[in-house]
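Protein chains in written order, with our numbering: chain A, 1 to 459; chain B, 1 to 591.
Hint data in this document are derived by calculation from the structure and do not stem from the laboratory.
All residues carry an ideal CB built from backbone N, CA and C; glycine is no exception.
Don't take each hint at face value.
Stated by the list, open to error - Derived coverage of chain B by chain A (criterion: at least 3 residues anywhere in the stretch with Cβ under 8 angstroms from a Cβ of chain A; other residues may be distant):
1. 37-51
2. 150-156
3. 189-195
4. 327-335
5. 381-393
6. 551-563
Said to hold, decoys possible - Label-pair restraints from in silico Cβ distances:
7. A:R438 - B:K90: 33 to 41 angstroms
8. B:V95 - A:E123: 44 to 52 angstroms
9. B:P381 - A:R147: 40 to 48 angstroms
10. B:K90 - A:H286: 27 to 35 angstroms
11. B:V95 - A:A148: 54 to 62 angstroms
12. B:K92 - A:K328: 32 to 40 angstroms
13. B:S98 - A:R342: 53 to 61 angstroms
14. B:V162 - A:D109: 49 to 57 angstroms
15. B:P549 - A:K328: 56 to 64 angstroms
16. B:P549 - A:D145: 41 to 49 angstroms
17. B:L80 - A:R438: 21 to 29 angstroms
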Amino acid sequence: MVRSAWWLVLLLGSITHAEDDPAARREELAKAFEQVRAFEAELVKVVAKVAPTVGAVSNFGTMLDPKTGRVRMQRRGAGSGVVISREGFFLTNVHVVQGAGYITVTLPDGKIYPADLFADTSEGQVKGDIAVLKLRGAKSFPFVDWRAADLKHTRPGELVFAMGNPYSHASDGTPVVTMGILSGKGRAASSRGYLYVGVLQTDAAINPGNSGGPLFNSSGELLGINGLMQSRAGRSNSGIGFAIPMDQVRLFLKRLLRREGEAMAYGSHGLEVETAEGESGALVRHVHGDSPADQEGIRRGDVVISVNGKRIRNKADFLSKAANLPEKTFVRVTYMRRRKKRTAAYRVVDSSEFRVTSNQPKRYRPHEAGYLGLHWRLARNLVFVERVLSNTGAAKAKLAPDDRIVSIDGETVESGKRIFELLSFRTPGEKVKIAYERGGREKTVTLVLCDVQDAAEIE
Amino acid sequence: MLPRVWFFALLLVALSVGRPVEAREIKSYERRIQRAVDDARDSVVVVFSRTKGFDLTGVVVGNRYTILTLRAPLLKNGSLDGEFEVRFPKSKKTVRASVIAEDKETGTVLLRAKATGKPIAVRHASDLDYGTPVVLAGNAFGAGKESDPTMGLGFVSGFDRVRKDLRYFHISALVNPGSFGAPIIDLDGRLLGIALLGVTAAGGQTVVIPYERIRANYVAQGGDAQKAIGAKIYPRRQRPKLAESIGRVAQAAVARARGALVGVRALELVDPPSPAPKTPPSGPGVVPGLIQKPKKPKGPPMPRLVPGKRKAHDRSSGLVIDADGWILCPLRVTGWPGPPRVMRVDMPDGSDRPATVAGYDERLRVALLRVETSDLHALPPAPNESYQAGRIAIALGFSHASPDVVTPQVNLGIVSRTDALKSLHPVFAAVQTDAKISGGNRGGPLVDLEGRLLGMILDVNDTEGVGYARRVRGRYVGNAGLGFALPMHIVEPLLARMKAGAKLKAAFLGVRTIAVTGGMQIVTVTPDSAAAKAKLQPGDIIAKVDGKPVRTGAEFAKSISKKTAGEKLKLKLIRKEKTRELELELGEFPS
Chain A
1 MVRSAWWLVL LLGSITHAED DPAARREELA KAFEQVRAFE AELVKVVAKV APTVGAVSNF
61 GTMLDPKTGR VRMQRRGAGS GVVISREGFF LTNVHVVQGA GYITVTLPDG KIYPADLFAD
121 TSEGQVKGDI AVLKLRGAKS FPFVDWRAAD LKHTRPGELV FAMGNPYSHA SDGTPVVTMG
181 ILSGKGRAAS SRGYLYVGVL QTDAAINPGN SGGPLFNSSG ELLGINGLMQ SRAGRSNSGI
241 GFAIPMDQVR LFLKRLLRRE GEAMAYGSHG LEVETAEGES GALVRHVHGD SPADQEGIRR
301 GDVVISVNGK RIRNKADFLS KAANLPEKTF VRVTYMRRRK KRTAAYRVVD SSEFRVTSNQ
361 PKRYRPHEAG YLGLHWRLAR NLVFVERVLS NTGAAKAKLA PDDRIVSIDG ETVESGKRIF
421 ELLSFRTPGE KVKIAYERGG REKTVTLVLC DVQDAAEIE
Chain B
1 MLPRVWFFAL LLVALSVGRP VEAREIKSYE RRIQRAVDDA RDSVVVVFSR TKGFDLTGVV
61 VGNRYTILTL RAPLLKNGSL DGEFEVRFPK SKKTVRASVI AEDKETGTVL LRAKATGKPI
121 AVRHASDLDY GTPVVLAGNA FGAGKESDPT MGLGFVSGFD RVRKDLRYFH ISALVNPGSF
181 GAPIIDLDGR LLGIALLGVT AAGGQTVVIP YERIRANYVA QGGDAQKAIG AKIYPRRQRP
241 KLAESIGRVA QAAVARARGA LVGVRALELV DPPSPAPKTP PSGPGVVPGL IQKPKKPKGP
301 PMPRLVPGKR KAHDRSSGLV IDADGWILCP LRVTGWPGPP RVMRVDMPDG SDRPATVAGY
361 DERLRVALLR VETSDLHALP PAPNESYQAG RIAIALGFSH ASPDVVTPQV NLGIVSRTDA
421 LKSLHPVFAA VQTDAKISGG NRGGPLVDLE GRLLGMILDV NDTEGVGYAR RVRGRYVGNA
481 GLGFALPMHI VEPLLARMKA GAKLKAAFLG VRTIAVTGGM QIVTVTPDSA AAKAKLQPGD
541 IIAKVDGKPV RTGAEFAKSI SKKTAGEKLK LKLIRKEKTR ELELELGEFP S
């Protein structure tokens, strides 16, 4: 007891001294240094472990020489990738090798290996961006285990390493390593017609040429395949890069590795969803005709709450849990309709197998759309009722001149144009909720839209 | 017995192959980042301006209803009238917000929202070290509207002080549309400040207003503002964890390396505006000759030397390479390829001295400056192991946002690879880093953790692969994280010649060749080139260059590009099956 108290005193003494005693400060710095050195040594170890598996991809295409008419091979693009098996299966992006006549991969050993496109996810209206190459020219290759990383327990904030060939700076094979953290999971982004849903986001510098390259975690496990960035700076890093997570890639890889020449598609439900307001779930905004969801009776306005037992709380959940499955995957969709739980079961299909109808609700021009039945006047950005036409929804709702229209269906109104815009999706007979201000008090009323033609006759 | 040992040895090897790397320090570092973000998550909100249809990021401070964010994005026609909404990512609630107070000096505004967030803990930013890891949590590109805020890890990279007061500090995490106003938190989850938007000059860095400065202003306003923001501020933790250790070690490295960093400025000649001819005042009440004396005519107005401000290459950093005043800097600052400019160097002690360009190397894009002094100090070279990919690298320099030429910009990153930039010129064997460097860093030192020199940061620009921040419509946005530095072992063999005034240029032989058995066969010879002068002919086969056989085009090109114009080249030539040796002097590239 006494002994521990002594230690405490000593400890306290050292803390109070550390601030002004130069020797103690030096010692503290030395300790800090040791700690950072250990950290650095670990970084080096991780990088050294996985770097030999990263390759620089060159995509050569045929080109007719305008001078001679001869057919020439010319480099069309560059990217990155990673070896995932001893026999030389190599993971990269579809958009890196797309349209290539001839592909080579330079590995860190400095050797250039010819490669063939083995299988990819280029089928379907919206293509997936996962491609598998097969390297030739060696019996065994250094590789990373594509099954290792546990994406479920990967959390934002983990250190990640992006490796690859940005701006062809690794064309001699030695990959460029950039470090960052995982910024988010389950993000959705789309680019150049490729589907990026449920993807990882990182702030490790990702630039053109990093496409197809691996994203490793601090244990040296393959987390994902870099493929996209979002930036104000044109095509250059601004701290927002996206990688297809390996759990998504694995769903496809099982089939891609088995059959040469396979071209898979992402499975589509035929649903367009948005985050449901005020409740948990994904609100169905549109169902494409003859799609699996359509055939199983899912309708506009239903709220999807789970897919294959996974809870869906918003649009992002739907995209990252249900929209990233390979075609022909069997799904069981639970959704709410009029507060009743319903279930539909079907196989998601390539979206080219059904009619893709417009995902935007039809817009009507002002003279075709539903009509409020009132005239207004504007004062700065306030809208006041000028006149109410008799026998219209506005009259039945007892709106009166000088009421200020605050919002329509919760959308703030500050111009006449905005009213037209809000009503352009509505047809006569539909109901809208109008908030208005009268005598300093705000009230809400529901009114039925009428036909402009009818209103014209009344005039 | 022996087979069993072998069996175990093999088993051990087999087990270790597939096993993840043990990374204790990294894991604890990751946990700190995650915990910091978890702590801060309930405090980061999306602020939405209905009137402008623009969203940005805010943070809950003070009491539970107060939200701090930037003022400028919320303004419409110069006023704060408008409808604002705040979305709390955790409870997914969106509520109306009203303005409590605004502060024009810091460009911030306090909003009140009727939903409770968790006020964030705050700390002083004035005791921050260079290189301290911080997290920027924001709603970049609208990410926070659907799900959790997105985050980026950055390091404290610069300070903007007026006397002792910290006005701004800079971090290397990048801000994007939507994450303007994002809180910057340390790895204890405590607020340091908020990210500014539209600061154009930072060169791919983010400028942060320290929270203590914002708070002081609102407290001074008194009343509601003071009540709303009233939060305690903590100093930094005394117990050093890895995150603080990184800051301390980086700070120590900067202290060591600081002496080798100078600012380099090019002056330009400016013609003075011709004075407007003065007419003597006339009119009622003016007596000519009484008020104004006729001035003596002066000589013609002299052109003046002023600091160049117009071009990107008017300012850079420089690297001291020995105590006697020899300084390396990017070639383009000296006016190359145009006429040489008048140079000045800002010394580490704050004084500035005239400098002369002694020599340069066009291939490496470096110039050697000479300053009359002897109290400089050069950095010790980093050992080989500091060049391993994954090692921590620290870049020093002056960014466009640097308030003065005394406080450097410091960026932390890792070594991305070595032996880089060969595609630019074979003479390069650059070390590459992902430290977010900006245009002003060019010429500055890249050092390791102990402040030892890895190389001089190179002037590699956009068209050659985006070295540093991009400028879009006058603003620096993004930062490729692809920086290059030139190790000294490449420059050292050339120093003696450069000190003697040599202007080293790329060598040009003047032949086109194809590979054949036995060497490179000449196809064409450029007239007036070194090859033409030495009477090389199409059909000749070059078997050896400087005693080394050349078999491929790359080998041959490398053997020549290693040399500079004016150097001698020994060739072993096969002409009509006869071997002959000859020596020639390499020329320059025809302009």
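Do the hints match the structure? See the list:
Here the region 37-51 of chain B counts 3 residues with a CB under 8 angstroms from a CB of chain A, which clears the bar of 3, and the coverage holds. Counting residues of the region 150-156 of chain B whose beta carbon lies closer than 8 angstroms to any beta carbon of chain A gives 4, which meets the minimum of three for the stated coverage. Residues of the region 189-195 of chain B with a Cβ under 8 angstroms from some Cβ of chain A number 0, which does not satisfy the need for three, so the listed coverage is violated. For the region 327-335 of chain B, the assignment as covered by chain A is violated, since 0 residues bring a beta-carbon within under 8 angstroms of that chain's beta-carbons and 3 are needed.
Counting residues of the region 381-393 of chain B whose beta carbon lies closer than 8 angstroms to any beta carbon of chain A gives 5, which meets the minimum of three for the stated coverage. Check on the region 551-563 of chain B: 0 of its residues sit with their Cβ under 8 angstroms from a Cβ of chain A, so the three-residue criterion for coverage is violated. A C-beta distance of roughly 37 angstroms is found between A:R438 and B:K90, which places it inside the suggested range of 33 to 41 angstroms. Separated by about 45 angstroms at the C-beta atoms, B:V95 and A:E123 satisfy the suggested range of 44 to 52 angstroms.
At about 44 angstroms, the beta-carbon gap between B:P381 and A:R147 stays in the expected band of 40 to 48 angstroms. Restraint check, B:K90 to A:H286: a C-beta distance of roughly 30 angstroms satisfies the suggested window 27 to 35 angstroms. The hint said 54 to 62 angstroms for the Cβ distance between B:V95 and A:A148, and at roughly 44 angstroms that hint is violated. Between B:K92 and A:K328 the beta carbon distance is about 34 angstroms. The supplied range of 32 to 40 angstroms therefore holds.
Distance hint for B:S98 and A:R342: a CB-CB separation of about 42 angstroms, inconsistent with the stated range 53 to 61 angstroms. Checked against the hint of 49 to 57 angstroms, the pair B:V162 and A:D109 passes, with Cβ atoms roughly 55 angstroms apart. Between B:P549 and A:K328, the C-beta spacing of about 59 angstroms keeps the proposed range 56 to 64 angstroms intact. Checked against the given bound of 41 to 49 angstroms, the beta carbons of B:P549 and A:D145, roughly 43 angstroms apart, stay inside it.
Evaluation of the 21 to 29 angstroms hint for B:L80 and A:R438 yields a pass: the beta carbon distance comes to about 27 angstroms.
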